[in-house]
Structure formats: structure tokens, C-alpha cells
Amino acid sequence: MSTISSPTGHQLPEEAIGVLSADGFIDPTESAKAFVDDATAIDHERVAEMYRLMANTRRIDEEGVNLQRQGQLVLWTPSLGQEAAQAGAVTALQDRDWIFPTYREHVMARGRGIPDEKVFDFFRGAVHAGWKPSDYNMQPYTVVLAAQVPHAVGYGWGIAQQQRGWTDARRAEEGRVAVACFGDGASTEGDIHEAMVFAASFDTPVVFFIQNNYWAISTPFEVQSKVPLFKRAKGYGFEGFAVDGNDPIATAAVMDHAVDHARRGGGPVLVEAHTYRMGAHTTADDPTKYRTSEEESQYAQSDPMVRTEQYLRRRFDYTDAFFDEIAAESEQLAVNLREKIVDAPDTISLREKFDLVYAEEHPLVDAQAVAFDRWMEDEDAS
Amino acid sequence: MKIFTLPDVGEGLTEADVANWMVKAGDTVTVNQVIAEIETAKSLVEIPSPWAGIVEELYAEVGDTVNVGDNFIGIKVTSTAGDDDDAPQAPLVGTGPKADTPGRRRRRGRPRAAAPAEAETPVASEPEPAPVPEAAAEPVQKSDLFAKVLAKPPVRKLAKDHGLDLTTITPTGQHGEVTRADVHAVLEADTAETTATSTAPVAAGESESIKVTGVRKATAKAVTESYTSAPHISVFRQVDATRTMEYLETLKKHPRFENVRVSPLLVLAMAVSQAALNTPQANATWHGDTYSLHHYVNLGLAAATKRGLIVPNIKNAHDMNQLQMAEAIQELTGRAREGKTQPAELAGGTITITNIGVLGLDTGTPILNPGESGIIAFGAIRQQPWVVNGQMEPRWITTLGGSFDHRIVDGMEAGAFLADVAAILEEPALLIS
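Going down the list, the sequences are from chains Z and R. Mind the numbering: the first sequence is residues 51 to 432 in my numbering, read in order. Mind the numbering: the second sequence is residues 915 to 1347 in my numbering, read in order.
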């Protein structure tokens, strides 16, 4: 794959759209021409909001690792390094749009106002799903790779049916979009292929939002795909973009365009945000086993938080007062979360979870519930 | 006192070894301060303290294996859960004064607020850190997933070579990176401390008790099992490897082998892989009622690493040409040295080489790697007087030693196997690949 070196040392495909340098100067890539104006027109309030989402989440993310190490969580999935991509995406959406996440979209969950403890209840294994999807127009975290993507396309199909015959004006005003989040690892799953074929065939209003973080647990991206993922879109018959996912304003501008295109009935769009998973895949993973510290330190230089902070300071004259306030706020969020999470009881029992898998009766789940009861009786007897 | 029991820090782990305690009884700890490193079957993991308080008891010593759920540390809790160590400098809510302790988070370019000293007595009886220059003001205590310390590669190497964890070094670099000078400062401090406080090692004339853990434990178990279950026979054969030595000189000059290490081990590895196909009894697994003859070779190479002896293997070695084999050996031993051997590399071996010649040894009776029926000891290659065509000549002589599982291999197969290996060392032109 032909690549160019961004100012950050981050290897991006040459078609990648990037606007900011690693230290927050406006320094667009060759391919960014069509998006530079939109990206630099993003006002300071949105950039500040993106920074707030990123900073709050990074502190909570860190607390997630600590709480797992302290036995409070079964697992934690750090989003460290991927914050800008998610912030750009979630701020491109209207509240009426639906998000279909993986298990790492912590910035997007925050952008939707989902309280931290609901996300953490999921990782405590204390609840069935964490939050009620229709309260936030965001599906529960999906651990099964790629399963959420056909769901998103199906939902998008429903939207398309509903909006049949709408005028352009009404679409722009009330139209809805489904965003399917997935990663470079899931891109290899068959579900993705089926979802993309279907989305193209029926012009569903879906944005395929890929966070390519270069590592599918221990499988590097160059093994995962011989071409950048955005190029696949062309084969399915819709548009695909590559963007520097550690550049918040470039990602925001490209996502704005993609969402708008889908909203107006133009069919699906694919956005591949090139980012980097700076931490472990999960708390059960040890990245030192498969990648070098040199690689990690190289990517550390393209930290999206640093870039966003520098841009706010340089372009909009944001000062320490703002960043101190956000840091204090983030700290307080972590303290509050710890109070709510440590030694908190499960909200439902394991047995009750069988009743919540499907809305209606399901013979397979019923049989599993019976087997579970029998097993518990044996346990009690012994 | 609250007792913290060892959690499952992975998915389904049942135990972990204590690798390091960062605290001792009497120490004051803050929430999320790293208190210990534990080594699980998967990795080295840092444990952050769940509470702020004073350490009362450590329930295990370094090297002990602790089961998940067992007592780990006892802490006399001195503050509520809300009293996080990493509190901002200005109190945000009415949870009272907070100890201003070292933070974990990057706070770039933020001026340190004038210490809000009014009535801000720390809860814990922790001394205020002495005033230090700005750059050195925030020593880090990080949880491993977030320990993205900036440092140039040579500095990283310097720290690693001296066994220093970069996250424990105070960075003074222009961009917050750890500099060479920072590492030297720690090394000097360490030396000073050692000379000042270290107790003498166990005196001559006394015995020292060593806890059996980790790789040592695994090795002990494996060799005992193998030695007691498989009846070993050992055979030896002297070989004139002069042609091999000449051949290697030629190979080293070949442009295709420019970037790879070429050694007698390469020829032996090729020879053993071919011989194993000819005499599959030496490349077999005993099951009891049946045994498997393997018609492929996963060639194990015994490697001494910092953590102990491990035997990773080269998969499908029989299919490799010499360049592929040379590269495979280099990669396998390189990863072993760096401690990055993957679990898959340790599984599925069919036959093993132990290269004891590098230790200056002539031969030995190695113990079979469990599940295998052959292991070859490669002795040192020395120039010795040798009779060639009735004349005494200086030649490069080595000794091959082999141990075999007598349940599968009799003297005849052992002899045939070593004869095949010897033939190639005597005439590497027989390597037709």
C-alpha cells in the first residue's frame, strides 16, 4: 500500500484527508483540498466540545484500567488514542440519528450523554446491556465482532422505507442516519461484506465509520488488508474516504459530509479514520508481546489530545484556564464514578438475563434457562 | 484495616506470582498508586491501590504464587472513596482537603498553582514533596496501559539494559521526555543507595534458600516428568566437520546470506530436519497404546533466556531451504532473548537441538523435551589431530550426542539417525536445497 508520512510520523494512505499537523498548525495533506474550508470553518465551540469529550473520556478510561486491576470490572477496553476520531464522528450527528457501536466507543457514548456508571455496569458484568438504547439512540456495546453492522444497515433500511417520498427539504430537516462503527479487525468479517452489499442495493442511509487502529488484538493491519479499507467502498458502489482519525477537525468535516450525504437520501458512505490504539486491546491483553516500544513511542507523538489542545491554543487563543477547568472536571468525574462503582451490587441476577435476550419467547434460550436451573440445583445439592 | 484480595486481572486467570512490591508495611498509599507488580500466565501487570491509607500487611512475598481471591494486601483506610489522590489543586466539592500527591495525568504547560496552603493539611501523614524545579515536579506513577513515556530509542535501551522502568524516572526533557541524563541520575542514585544500605549477600559457608517460581518451576516439572516417564538411551558420535566449516565460509560471502547470521547450527538444523524424515522414530510422540510418527519437523531449539530455559520450535523446518532456516533461527532466538517468544512457538515441537557447544562443552546426555522422542546435543567444534588417508591432519572435530525415547527408538534407529546427521556435517553438499 502506498503511504505518505504525515508530520506526525503516522503512516497514512496518500488519499488520506488531514488538516492539522501534530502540533496543531493548519497544514493540509494533498488530498484534503475539498475539506480544508469546511474543517477550518468549524467553530471553536465545537472544537472545545470535542476536546472536553476527549479529555473527560481519557480520564475515565484510565480509571477503567485501575478499577479492573482492583477487581471491580471484569474487563475494560481502553479507547486511548482513538478519542479524536470518535469525537469528530459523534459531533457530526443529530440526536435523532442512531449509533451502532463496538465495545470501545466511550467518547461517542459520552457524546450521547450516557452516564459513566451505565457504561461501567456493562463492564462489571452487572447488567444485561448497560443502558436503554432508545433513551440515547445508541445501541448497547456489541462484543461480537461486526454483528452491529448488519443491524445498522437493517435499521437504515427501515429509515429509508419511512422516508420514502420525502422532499429534500424534509430530509434535511428531519431525516435520520444510522452510523455503523467497527474496526480494522472486524472489516475482515463476512457480516461486513453482506452489510455493504445490502446497504448499496437499497441506498440505506448508513455511514460505515471505521476506526482503523492498526492492530486487531495482535494482528497488524498489513496482514488484515492489502488495500486501505476506504477503497473497498468503490467496489460496492458508494463513496469512501480516508481521514486522519487523530485530526479532530478533519474527521469532523469528513463525517459532516458523509452524514449529510446519507441524510439526503444519497445512500451509504464509508469513512475510514486512521488512528492508533495507544493502549492494550483490553485489560487482558499485553501489547508488548507483539509490538515494539519504538512503534508505540512514534505514535505517541500523534496523540490526538495534544493536537486538539494545540489547535485550540493557536487558532482560538484558549488558555490554561480552560484546560485546567476540563482537567478538574475530568478528575471529579473519575471520583464520582469510583464512588458509584466500587463494590456496587449487580442490578440483575444471572438467571434474569435469560429473560432479556429476546423480547419474545425463544425455544433455544428457554432450553438454556432450564439447563441453568438444573445446574444450579446440582450445585446447591453438592 | 481493609483487605484487598487478588483480582483476576486477565480473563479467567487463577493465580499470579508476586514480581515486585512497591510498598511495605507502614507506607502511606494513595488511591491508584501502583503498589505491586504481578506476573500472570499472560503478562506482567501493575496493581493500583484501591484505597488511600497506610499499608498494614503484605500477605505474600516476592516470588510467592497467590491464588485469585486470596488476601493480597491489608490497608488501614484513612480517607473515603471520594478522596482521590489525583485531586485537582483547587477543591471542587466539599469532600475536604486532599493530599497533593504526585499526579498520573499529563499536565502539559499548566502552571503549578500557588499551593493553596490555607488549611490544606493533607489527610494522610504524608510529607509534602520538597519544592522541585518545574520540569521535575511530577514524577509519574502510571498504570501500565497508560505508561506512554516519551524517550528516544537509545535512552529506552539504556534504561532497559539497566533494568529500569521508564515510568519511574522523572522526565526533564524539553517535551517531557526522559533524557539520557535522567537515566544516569537514577543509576547514580541507585548505586549510592546500594552502597549505603544494601545488606551483604549470603556469606560464604552458608546456604541460601531460593523460591522455585516461573520458568524454573516449569522446567523442573517438565524434565522430571520426561526423565521419569521416558526411558532414555544416549548415543554419541564423533564427526569431522571440516567441510562444514569451509562451506560456512563460502555461505557467509554469498549476497543472499548477507543479512543473516550463518553458523554451524544452521547446517546441523538442516541435517537434523532431513534425518528426522528418514528416521521418523526419532521424531515421534509416545501415547501409551499408540505412538505417532511425525512426517514433518517442528524443530525445537533450547534457548537460555534471562527468565530461564525455554524451547521454542521452528514450524515445518523440513520444508525450509537454508536461507529460510537461517532466518528462522535468527528470529526465533532473537525473540527468545527479548522475552517475546509466543506461546504458539513453544507448542507442537517434534524434535529438539541443544547447542551446548557454545558453552564449551563437548557432549552430554540431554533430557527429552516432553512429548518428543529425540534430542540432539551439539558439542563444541575444535581443531584436533585426525587421521585422513593414513596421514595425521588438523581437522575440525565435533561430537554429536543424542538421547532417545527407548520405547520407540532402538539402537539401530538411533545409529541410523546420527549417521544421517553426521553425513551432512561431513559433506554439506548433501544438503540439496
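In short, the hints are calculated from the structure, not lab data. A quick note: this is a predicted structure, and the numbers were derived from the prediction, not measured. Where is the CB? At the ideal position from N, CA and C, for every residue including glycine. Please note that a few of the clues may not be correct.
Claimed, not checked - Listed next, the in silico DSSO-like pairs over lysine-lysine satisfying Cα-Cα at most 27 Å (straight line):
(1) Z:Lys339 to R:Lys1166
(2) R:Lys1254 to R:Lys1131
(3) Z:Lys339 to R:Lys990
(4) R:Lys1131 to Z:Lys339
(5) R:Lys1167 to Z:Lys339
(6) Z:Lys339 to R:Lys938
(7) R:Lys1166 to R:Lys956
(8) R:Lys1220 to R:Lys1125
(9) R:Lys1066 to R:Lys1220
(10) Z:Lys276 to R:Lys1131
(11) R:Lys1074 to R:Lys1229
(12) R:Lys916 to Z:Lys339
(13) R:Lys990 to Z:Lys390
(14) R:Lys1071 to R:Lys1254
(15) Z:Lys339 to R:Lys1229
(16) R:Lys1229 to R:Lys1166
(17) R:Lys1066 to Z:Lys339
(18) R:Lys916 to Z:Lys390
(19) R:Lys1220 to R:Lys1167
(20) R:Lys938 to R:Lys956
(21) R:Lys916 to R:Lys938
(22) R:Lys1131 to R:Lys1074
(23) R:Lys956 to Z:Lys339
(24) Z:Lys182 to Z:Lys168
Stated by the list, open to error - A few chain Z residues that face chain R, going by a derived Cβ cut-off under 7 Å, partial list only:
(25) Arg119
(26) Pro165
(27) Gly240
(28) Asp241
(29) His331
(30) Asp336
(31) Thr342
(32) Ser343
Holds or violated: proline 165 of chain Z as interface residue toward chain R, Cβ cutoff 7 Å? violated (17 Å)
Would the pair lysine 339 of chain Z and lysine 1166 of chain R pass a check requiring their Cα atoms to be no farther apart than 27 Å? Outside the cut-off at roughly 32 Å; violated.
Holds or violated: the hint that aspartate 241 of chain Z contacts chain R, with Cβ atoms closer than 7 Å. violated (24 Å)
Measure nothing beyond the straight line between the CA atoms of lysine 1071 of chain R and lysine 1254 of chain R; if it is 27 Å or shorter, mark the hint as holding. holds (16 Å)
Need the status of pair lysine 938 of chain R, lysine 956 of chain R: alpha-carbon distance at most 27 Å? holds (26 Å)
Below or equal to 27 Å on CA atoms is what counts here, so check lysine 1167 of chain R against lysine 339 of chain Z. Since the Cα atoms of lysine 1167 of chain R and lysine 339 of chain Z sit roughly 34 Å apart, the hinted pair is violated (cutoff 27 Å).
Going straight from one Cα to the other, do lysine 1131 of chain R and lysine 1074 of chain R come out at no more than 27 Å? holds (25 Å)
Between the alpha carbons of lysine 1166 of chain R and lysine 956 of chain R, is the straight-line distance 27 Å or under? Outside the cut-off at roughly 39 Å; violated.
With the threshold set at 27 Å, check whether the alpha-carbon distance from lysine 916 of chain R to lysine 938 of chain R stays at or below it. holds (16 Å)
Regarding the pair lysine 1229 of chain R and lysine 1166 of chain R, is the alpha-carbon distance no greater than 27 Å? Holds, because 24 Å separates the two Cα atoms, which is no more than 27 Å.
CA of lysine 1220 of chain R to CA of lysine 1167 of chain R, is that 27 Å or under? violated (33 Å)
Assess, step by step, whether the Cα of lysine 1131 of chain R is no farther than 27 Å from the Cα of lysine 339 of chain Z, and give holds or violated. holds (22 Å)
Checked against the numbered hints above, the structure violates hints 1, 3, 5, 6, 7, 10, 11, 12, 19, 26, 27, 28, 29 and 31; every other hint is satisfied.
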